[in-house]
Every structure is written in structure tokens, then in C-alpha cells.
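In case you want the letters, here they are:
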Amino acid sequence: MELVSDEQLSDFVWRGVRGTGAGAASFVLGVLNFPLFVLWLAALIVGLIPGLGQVVLPLMTRLVRARADLERRRSTKRGIPIATPYAPRPAKSYPVGWRRFRWILQDVATWRDFAWLIPGAIAGVVLGAVSMALPIYGFEGIFLIPLWVWLGTGWYGYGAIWPIESVGDGFLSLPQGAVILALALLTAPWLRSAEAWFARLFLAPTRAAELRLRVAQLTETRADTVDAQAAELRRIERDLHDGAQARLSSLGMTIGLAEELMERDPAAARKLLAEARDASHTALIELRHLVRGIHPPVLAERGLDGAVRALALSLPVPTVVDGGVLGRLETPVESACYFVVAEALANIVKHSGATSAWISIRHEADLLVLMVGDDGRGGADPSRGTGLHGMGRRLAAFDGTMSLSSPPGGPTVVTMELPCALSSPKTSPSSGTA
Amino acid sequence: MRVVIAEDLALLRDGLTRILEAFEFTVVAAVDNGPALLPALVEHRPDVAIVDVRLPPTFTDEGLQAAIAARTEVPGMPILILSQHVEPLYARELLTDRTGGIGYLLKDRVSNVAQFVDAVRRVAGGGTALDPEVVSQLLARREPLAVLTAREREVLGQMAEGRSNAAIAGKLFVTEKAVSKHINNIFTKLGMAQSDDDNRRVLAVLTYLNG
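Protein sequence lines, in the order shown, are assigned to chains P and L. All letters in the first sequence, in the order written, are residues 1 to 434 by the numbering used here. All letters in the second sequence, in the order written, are residues 1 to 211 by the numbering used here.
Derived by calculation from the structure, the hints in this document are not laboratory data. What you are looking at is a predicted structure, and each value in this text was computed from that prediction instead of being measured. Heads up, some of the hints might be wrong.
[Stated by the list, open to error] Below, computed lysine to any residue pairings styled on SDA-like, alpha-carbon distance capped at 20 Å: (1) K350(P) <-> A140(L); (2) K107(L) <-> E232(P); (3) K107(L) <-> R247(P).
[To be verified] Reference listing, derived: stretches of chain L covered by chain P, where coverage requires no fewer than 3 residues with Cβ under 8 Å from a Cβ of chain P: (4) 13 to 20; (5) 133 to 141.
We treat Cβ as the ideally placed atom computed from N, Cα and C, and that holds for glycine.
Excised from the complex, chain L in its bound form:
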């Protein structure tokens, strides 16, 4: 799989490259500033891009802006945003086009290499990977969630992070059948349309949480 990396700190850029190459990704470009990012993305059309929110020269949110711009030019281009902090506001902006292929994680998550690589693969496959911290902030401000049981809220959280049924079952130590039963209940209780496709379902959940 071909990857473009945008990260201004050389240490982190090299670290990311090393991790990804160890898992048989090919880093086709590694840029260290905002203006170079959009051309690199459009030129290489990578299978997934890993982008730091804050980049030179202004050190504001040019990474995020370039990512959003790239997805306007190349719809659905899978992008995983990394940041030292997470904001539900940014997650909402990333998810507005509702096409999937979006990841938004804290940089510390990279330290759990297996999970990080899993998230990169998920995003590349058109799925989503949302940081647990964003998800917990999203869940915290939704009143109607009171109708859900504790277990259902847990499943909803896992779904919002972008996990598939199988992955949720593995994480919560239950059968996949039990998970899909919980999911059915959640969708009925919150009045959302069902869908068989994992990615679509996750997007529906995120749209609901962002609303």
C-alpha cells in the first residue's frame, strides 16, 4: 500500500516511516510543510495519507485544511489525521462529506503499533478510525443516549471509533451475534436506518453523534 506522510518533526516522520515500512507499506512521499502537501497528495494519489494537523509555515491547521482540500479534489481519498490533541470540531469537519476513509487519532496512539497499523488499514479500506477521546466527548454531550443500556453505549462507542462487528466482539469478549443484536437495539432506539455494510453503519452513527 502506498502512503504519503505529512509531519514536520523529523523524529516522528522517520518513526512513522519505519513503522509503516515494517508492515509492508510503501512511503511514496514524506513532506514536512503545508504548502507541499496538497500537490503531493494530488500527484501521488496514495492509498492512504497520514497527516499532522499543525504544519509549517503558520503552525495553525494547514494539515487539516490541505486534507479537506485534497478530498474535494479527489473525493474519498483516505486520510488519517494525527494530532497532539483532538477536537470534536475537527472530527465534524472531516466527516461532513460522509464518504468514509477518514481517521483522526492522537499521536500517542502510534505507540500501540498493532492498533495503529490496524487503523491505517481500516482508513485505507474506506472505513473510519476515530480516537476514543473524540468519541467519548461526542457521547458525553448527547442526552438521548440515556435510553441505551451501558453495554449498548459501549458498543456504540466502539462503533464510533470505526471498529467492525468482529473487532467489537473480540474487544468486548462477546460473540459477533451478540454484537449485532446490540447494534440492532441501538439503531431502533435512536431511530436510525439500518445498513448491512460496516462502513456505512459507522458513518450513520457518526452523523447521528455530530448532529
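Extracted from the complex, chain P is given alone in its bound form:
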């Protein structure tokens, strides 16, 4: 029986190799920190000279921030996320000048970046050097280089054997080297993570900065939500005004006329009443469409699950619904999710050319994950068209996110994630068979 599968082994080696590569990159980037430190310090001193400082400091800061942002991205990629901490850029400011100068100096993140440059450099260089040196030393042993050196010079050693005294000792470098190489592969990812944790101490936003960023984000999503809501209300008002309302007034007139004619011309009155009935029917159809657009009745009756299933049933493309929510979500969340899924499905019908589609609903640990996929031609571009943008905005109001994967040739998968709790556990048993 094998202790580890081939897959596990190759995974281990890959992680080790990638970790070593990242370590080498850390080493180089760490070295770059030293000149950056000197340059920024110089820029700060030059900053005392009016005029010149307002040009030099912003430019140098831009460089330092690019370096710090790179480190943030590298850490985030390793699973240790570091958010960008900088205060929003002041409105109406030029790339260089007073406003920028003040903005930079007042932002605590600037000083924390600066404080990180040297410790970060040391961490990068030291840990990077270790993760490069270990495998090199391991390979030295595996290739029996110590033996050759000993044969040539008569004085050398490797690992625990120092100095080498016989050819047998020399050959022992092979197993030792293998162990050291394995150790190197094992530690390389850990060393990178350690460096990322260290960087986070300096480069992550402070609590105050986090709150400020949150406020900025909330302000933006709130403005979006208010705009969207106002537009929605305007649309409803227009639809009611031009549709049902107009029809009901004409209905009233028709009935009034029929009333007048009742005695004199019963046949005509009867005809008018039939007309009135038709008109009331049309008005109801319009109202039904309108209601469906505001809050689909099936959503109120069955929650997200049932509504999505009903939606899937109504599509011309065969669509499978998988998973579900145990209970009801908060109404606004339910509604947002429904319309986003509906939009995604509408896109499939309109653009994808798909012959089948699927929807997956997962709700675990207060995170709702909705996925909508198809087997169509792919190549959906989120920057084109307002549909996808609107979907993202709808979800952003609930701190939800949306991502799109649509390579040319398909398949297309839209993934939506929303943090949300249930508003109530399931009360009535579902008889759903769809």
C-alpha cells in the first residue's frame, strides 16, 4: 500500500517549488526596499523645501505604495488577505501639489508603509535566502558534490558529517541531501506565509482606516441603492399612470355609458359591458406584469427556492435547480437574489445560445452562494452592457459580490455570494416536486 498517492506527492512538490520561487522573489523585492527607503527619506527631507517637495514627495510615495500594494497582493494570494489602507484621494487634486502633499502626510498608512520598508526588507531577504539556500544545499548532497570536493581537496564535509573521512562518508551526502531537499520543499510555503503575516502587521489598515474605508464603501452602495430605488419607483409610477390607471378610467366611462344606454338600447349596453369586462381583464394582466416586476408573488409565497424553481420552469432552455435554502431569507435579500438570478437567466436565453442551464443554491455558515451556469458559447464581457453591472450593484447593497467566468466557447458561470442569515426557519413542509 502506498503511503502517499502520486497526486499528493506532486502537489507537495509543486507547493514547495512555488514557495521557493516566491522566496526568491521576496529576496529580490526585499533588496529593492533599501533604495526605496533611502529615496523616500530623501523625498521627505526635500519636502521641507517649498515647491520642490510638493512635486517629489507625491511621486516617491506613489513608488512606495506600488511596492506595498504588490506585497499586499502577494500576501492575499497566499491566503493572508491585506486590504488597501489608503485614505480616499482628495477630490480635485493634481498628481503633484499641495493637496496631494497634505493627503500623503496626514495618512497614517503612509508612515506605516515607510516603517515597513526596512523590517520588510530584512524579512524578505532573510526568509528568501533561507528558502533558496536549503534546496541548493540539498541538491549539493544529492549530486554527491561533497564527495568530489573531498576527493579533490581532501578536506570537506556535508550535513552531520564533518569532515568527510572516507568514500563511504562521502556517499552519505546523498540521503542527507534528499532529506534536506524534502525539508526545503516543506518549509518554503511556510516561510512565505510567515513573511506575509509579518507584512500584515505593517501594511494592513488600522482599525480607524478600516472603518473609514467601510464608510466610503457604504456611502457608495447606499447612493447606488437610493438611485436604483428612485428609478424603480419612477418606472412603477409611469407604468401605473399609462397602464392600469388609464384603463380603469376608461372602464369607468364605458360602464357609465352602458348605464345610460340600458333603457334606450339594451343591445348596445350589453356590448359595452362585454367591452368593459375585456378592459378589466387587460388591466389585470398589466397589473400582474407590474407586480411580477416589483415582487413576484411566487417569491412571497415560496421564498427564493420556490421562486427560482418556478423561474427555471418558465425558461425555454431546460434548467436544473440544485440545492436550496432551509427556511426563509430576509425579504430584501430574497428579492435582490431573485432578480439577479432572473437577470442571469435572461442573459442565458438572450445571448448564450445554450441548450441547457443549471442553478445551484447553497446556504452554509451564513453565506449564500448562488451559481448560474450554461453550456453556451461563453465570451460574456462584464464591461459591456449594463445588466451585469446592475446585478453587481444590487448585490453590493448587501455586501454581496458577483463574479463571472465566461471563456470564449463557454461554459459561462456566474457566481454570487452574499453574507446573510435566515429570517425564519422553515414553517410549512415543502411539497415541491419540481
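With chain P fixed as given, assemble chain L onto it according to the hints.
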């Protein structure tokens, strides 16, 4: 014929009662909420029940749930569901037991009194009455229907709504013989087993469309 009505809006409840009584139905109970419905249905065992999907106290789908529960307790109890909107999903749930005696109509259909009363009678007699809007949604999503001619699709739609051959013939202004010829063609083309009984045939069609 004895009827139980479940409708929470007093205006509509009274309207329904008035219409039904004008056509010699007896309304034995008229309830206005979900929890009271199931006991009323089981106690009165009406010839037909007319039920609104959405009822107090939760205003979700308790009418529908109670109707389905009642049919589990009293198999085949004829029930006509009324709603402000129709969902093929609900139609599918209602039709799963395949015993007939099911109606599912938009509330606006009540305004055409003669047709509505006809639908109630059909459901009471073990037939089906499905709203044209549900039927058109069902027909829209079935690809194989492309093999049918326009006339055959029309006949299929009428059948899915629950109409008998005679009624279809009357509605499409053709002879009953022509209708049964169309129906034969439809069943052959879609590969379904034939049946002489109107109700059974309709159920077969609905099962096919829901599949």
C-alpha cells in the same frame, strides 16, 4: 352541488358565493383563512372546493398546501384553485397525484361567469380546468411540439385546459370527428398511449407537458 369556498377578501368571497348560488350550487362553508380550510374540507367533503392560493395568516401559499393536504386525506377531492397569478410550478404540484378533479385558474376568469361555472362543473365531475396562461407557458417550453401542426397545437392547448372533444369542436368551429382525428395525430406524433375517456386523456396530456 355542495361547495366549500376559501377566500380572504370579503368582496370576492361574497361575489363567488353569489355567482355559485345563482347557478344552483350550495355553499356549505366559506372560510377566510388557511388553518380553518383543511378541517372544513375534511368535515364537509364538498363536491368541489374553490380555494385561493394565498390566505391569512402568513399570506404565502397555505391555500394550495391545504388543498394538497386535503387530497391526501380524501383522494380525488375536486379542488379548483384561484389565484391572482398562475405558476406552472403550482400546476405541476397539483397534478402530481394524477387523479383529476383539479382546476387552476386566474381570478379574472371568474368575470366570464358562464365559462367559470362550466370549469367548476368540470372539476366537480373529475375533470380538469387549467388556465390558458399556464397552458401557454407549458406549451412554450416543449421543443418536441414542433412536430405538430398549428391546428394540432391549438387542439393540444384546448385539451390541456381541460376541455372535452365536444367543447373543443364548438370552440374551434370544427366537427367533433375532426377534433378526434387531430387528437389521434397528436397522440401518435408524441408517442402517447390513447384513451377513450376524456378526463384520462387530458391527464395524459398534462403529464406529458409537465415531464
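Evaluation of the provided hints:
no.: 1; hint: K350(P) <-> A140(L); verdict: 16 Å, holds
no.: 2; hint: K107(L) <-> E232(P); verdict: 27 Å, violated
no.: 3; hint: K107(L) <-> R247(P); verdict: 18 Å, holds
no.: 4; hint: 13 to 20; verdict: violated (count 0)
no.: 5; hint: 133 to 141; verdict: holds (count 3)
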